[in-house]
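This is what each chain is made of:
Number of protein chains: 2
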Amino acid sequence: MKENTYYSESDHGPWHTANLGEFTLEEGMTLPELNLAYATHGKLNNARDNAILVPTWYSGTNKIMEQVYVGPGRALDPEKYFVIIANQIGNGISTSPHNSEPPFNKGSFPNIRIADDVRAQHKLITEHLKIDTLALVVGGSMGAQQTYEWAVRYPDMVKRAAPIAGYAKNTDHDYLYAQTLIEAITSDPGYNEGKYSSHLDVKEGLKRHAKIWSVMGFSTEFFAQECWKELGFTSVMAFQTDFMEALFTQMDPNNLLCMAWKWQRGDVSRASDGDLSLGALSYQSEDLRHAHRYRYVFYGIEDCQREQEMIAG
Amino acid sequence: MKENTYYSESDHGPWHTANLGEFTLEEGMTLPELNLAYATHGKLNNARDNAILVPTWYSGTNKIMEQVYVGPGRALDPEKYFVIIANQIGNGISTSPHNSEPPFNKGSFPNIRIADDVRAQHKLITEHLKIDTLALVVGGSMGAQQTYEWAVRYPDMVKRAAPIAGYAKNTDHDYLYAQTLIEAITSDPGYNEGKYSSHLDVKEGLKRHAKIWSVMGFSTEFFAQECWKELGFTSVMAFQTDFMEALFTQMDPNNLLCMAWKWQRGDVSRASDGDLSLGALSYQSEDLRHAHRYRYVFYGIEDCQREQEMIAG
Chain A
1 MKENTYYSES DHGPWHTANL GEFTLEEGMT LPELNLAYAT HGKLNNARDN
51 AILVPTWYSG TNKIMEQVYV GPGRALDPEK YFVIIANQIG NGISTSPHNS
101 EPPFNKGSFP NIRIADDVRA QHKLITEHLK IDTLALVVGG SMGAQQTYEW
151 AVRYPDMVKR AAPIAGYAKN TDHDYLYAQT LIEAITSDPG YNEGKYSSHL
201 DVKEGLKRHA KIWSVMGFST EFFAQECWKE LGFTSVMAFQ TDFMEALFTQ
251 MDPNNLLCMA WKWQRGDVSR ASDGDLSLGA LSYQSEDLRH AHRYRYVFYG
301 IEDCQREQEM IAG
Chain B
1 MKENTYYSES DHGPWHTANL GEFTLEEGMT LPELNLAYAT HGKLNNARDN
51 AILVPTWYSG TNKIMEQVYV GPGRALDPEK YFVIIANQIG NGISTSPHNS
101 EPPFNKGSFP NIRIADDVRA QHKLITEHLK IDTLALVVGG SMGAQQTYEW
151 AVRYPDMVKR AAPIAGYAKN TDHDYLYAQT LIEAITSDPG YNEGKYSSHL
201 DVKEGLKRHA KIWSVMGFST EFFAQECWKE LGFTSVMAFQ TDFMEALFTQ
251 MDPNNLLCMA WKWQRGDVSR ASDGDLSLGA LSYQSEDLRH AHRYRYVFYG
301 IEDCQREQEM IAG
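So the sequences go chain by chain: A and B. The opening residue of the first sequence carries number 1 in the numbering used here; numbering runs sequentially from there. The opening residue of the second sequence carries number 1 in the numbering used here; numbering runs sequentially from there.
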């Protein structure tokens with residue numbers, strides 16, 4: 001694996017890596033080796049029924065999920081739960097364009113779908129960690145897409161699901177938004193169809209990508225109330241350059257594009273011809289016979305709901 | 001003047017042109033000649049008190065304002081009012097980067113402020129049309145910025161003001177948004193610091209600019225309710241390519257950048273050190289002694305308010 005200093009265990013770890021071996025993707029291609037990196041907090045109880053799974057959002061790693069949600073007395077309390085944070089494929093920690101070997105590296109990394117992440121995580125949870133029930137799956141944005149997919153695909157295993165700020169089936173509007181992020185990167189001549197030698201060749205594109213994130217990723221109220229002050233910045237421009245651009249220019253463009261493609265196409269109803277209505281989600285597995293349960297009602301733990309309200313508010 | 005076929009009178013006219021002669025801009029530079037193009041509908045009554053002024057929004061011309069608001073029984077009824085639609089500086093119809101002569105053409109066109117438009121329109125209304133009272137100033141987005149500026153700058157002349165979806169002082173969030181539009185254009189190698197030979201050299205940048213407009217310029221509900229169907233399109237992608245991209249790729253990049261710079265800096269409180277509080281808007285003209293009146297309460301005609309609710313809803 002090649003390294004990008006941003007994706008280091010000293011900054012984002014510690015993490016464990018599960019080698020899931022050969023893995024056939026939803027789009028048909030087979031990866032010779034799929035590594036899923038994950039971090040855990042707390043202890044699995046004797047009944048093995050206190051595990052919480054947290055998939056990551058776009059560009060996020062296990063570290064940011066920990067910082068946002070995990071801790072004694074916080075939404076995901078490791079004194080009560082065994083919290084498993086699973087890095088999504090392409091996020092730079094799990095198998096990703098920048099850390100793969102030819103012919104599947106860089107711009108030649110295959111397209112990944114939300115269902116690939118969820119199937120890989122299922123393998124991790126059941127085969128590697130020997131856990132057969134999840135007290136909760138919770139995630140925001142792309143983490144919510146994975147949460148919905150978990151609930152529809154493995155309903156008997158998911159006791160509670162709390163998708164935060166995400167869709168069961170991605171919308172046209174959101175697809176277009178992700179497209180502006182993609183094109184901010186691919187329009188940079190330094191991108192060179194993914195064959196750049198350093199992510200810094202694409203610095204200008206990554207900066208534009210960061211700027212579009214600032215506009216759409218934060219609310220009008222975030223700017224009206226000058227919430228960036230709470231993050232320690234003295235002006236919007238300082239927040240933009242020293243936080244948003246500084247963050248995203250460290251990342252690998254192909255990694256981001258891998259996640260953006262996946263995000264655009266998140267859809268739990270792929271096997272029901274796009275029908276999200278009750279009963280339509282029959283899928284081709286007996287495990288999914290109760291899938292419709294998850295269409296309208298999702299339950300999170302109390303703390304998590306409070307966190308969700310805070311975020312939504 | 002050089003021509004861009006998009007900005008033709010056959011498509012956007014008929015219009016009149018008022019040559020306002022030499023015009024010193026807010027930023028200090030003097031344009032040798034400022035032409036303000038405007039279209040009128042209806043007739044000025046004998047009391048000369050039924051005039052409505054409509055400034056244009058970003059990229060819009062007198063034609064779109066007519067199509068949206070003007071007609072018998074519509075918000076701005078030419079059977080009752082004398083409707084004057086004034087093309088903003090830089091929109092391609094009034095004096096703009098693409099139709100100016102060196103040394104003030106293309107990327108060398110000077111920076112324009114909202115107050116320049118309003119001062120020029122004031123000259124047009126009072127000196128060319130000999131009108132000294134406006135029954136209403138109404139406009140959306142950048143048209144709202146001009147409406148606010150009119151109300152603060154010439155309060156005794158503006159009987160009613162209806163700014164729709166715009167700010168008296170532009171926000172940080174909106175500034176950043178306009179910046180993403182600017183950079184979608186300037187990042188295109190074909191832009192060449194404004195020295196392109198044809199607007200089509202910047203086609204890819206203009207398409208990205210159109211895409212960002214689709215995401216932020218329309219509401220989540222517009223996409224959720226598939227309102228693009230009402231515009232005659234069969235898919236979001238058709239709406240995106242055949243309407244949004246087809247529209248914006250006809251325009252001149254320097255014209256758009258001129259308007260975007262202006263939009264970012266709209267602020268009626270420039271003369272009160274950024275203070276928008278009651279009483280602070282004293283400006284340096286006796287005409288503005290009632291400026292504070294316009295801080296919180298704006299009145300539109302009934303029809304116009306209904307239109308505004310429709311747009312806001």
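To be clear, the hints were calculated from the coordinates, so they are not data collected in a lab. One or more hints might be untrue.
Since the list can't tell identical chains apart, any single copy or any two copies may satisfy a pair.
Within a straight-line C-alpha distance of at most 30 Å, the following computed DSSO-like cross-link-like pairs (lysine-lysine) qualify [said to hold, decoys possible]: (1) Lys169 - Lys229; (2) Lys63 - Lys80; (3) Lys130 - Lys195; (4) Lys43 - Lys130; (5) Lys207 - Lys123; (6) Lys169 - Lys207; (7) Lys159 - Lys207.
Hints, one by one, checked against the model:
In this assembly of identical chains, Lys169 and Lys229 lie within 30 Å of each other by CA distance solely across copies; the values are 20 Å between and 35 Å within a copy. In this assembly of identical chains, the alpha carbons of Lys63 and Lys80 lie at most 30 Å apart only when taken from the same copy (20 Å versus 65 Å across copies). Neither within a single protomer nor between protomers do Lys130 and Lys195 lie at most 30 Å apart by alpha-carbon distance, with minima of 40 Å and 64 Å respectively. Taking the closest pair of Cα atoms, Lys43 and Lys130 come within 30 Å of each other only inside a single copy of the chain (14 Å); across copies the shortest separation is 82 Å, beyond that limit.
For a Cα distance limit of 30 Å, the shortest separation of Lys207 from Lys123 qualifies neither inside one copy, at 36 Å, nor across copies, at 42 Å. In this assembly of identical chains, the alpha carbons of Lys169 and Lys207 lie at most 30 Å apart whether taken from the same copy (29 Å) or from different copies (26 Å). Proximity of Lys159 and Lys207 under a CA criterion of 30 Å is satisfied in neither setting, with 41 Å inside one chain copy and 46 Å between copies.
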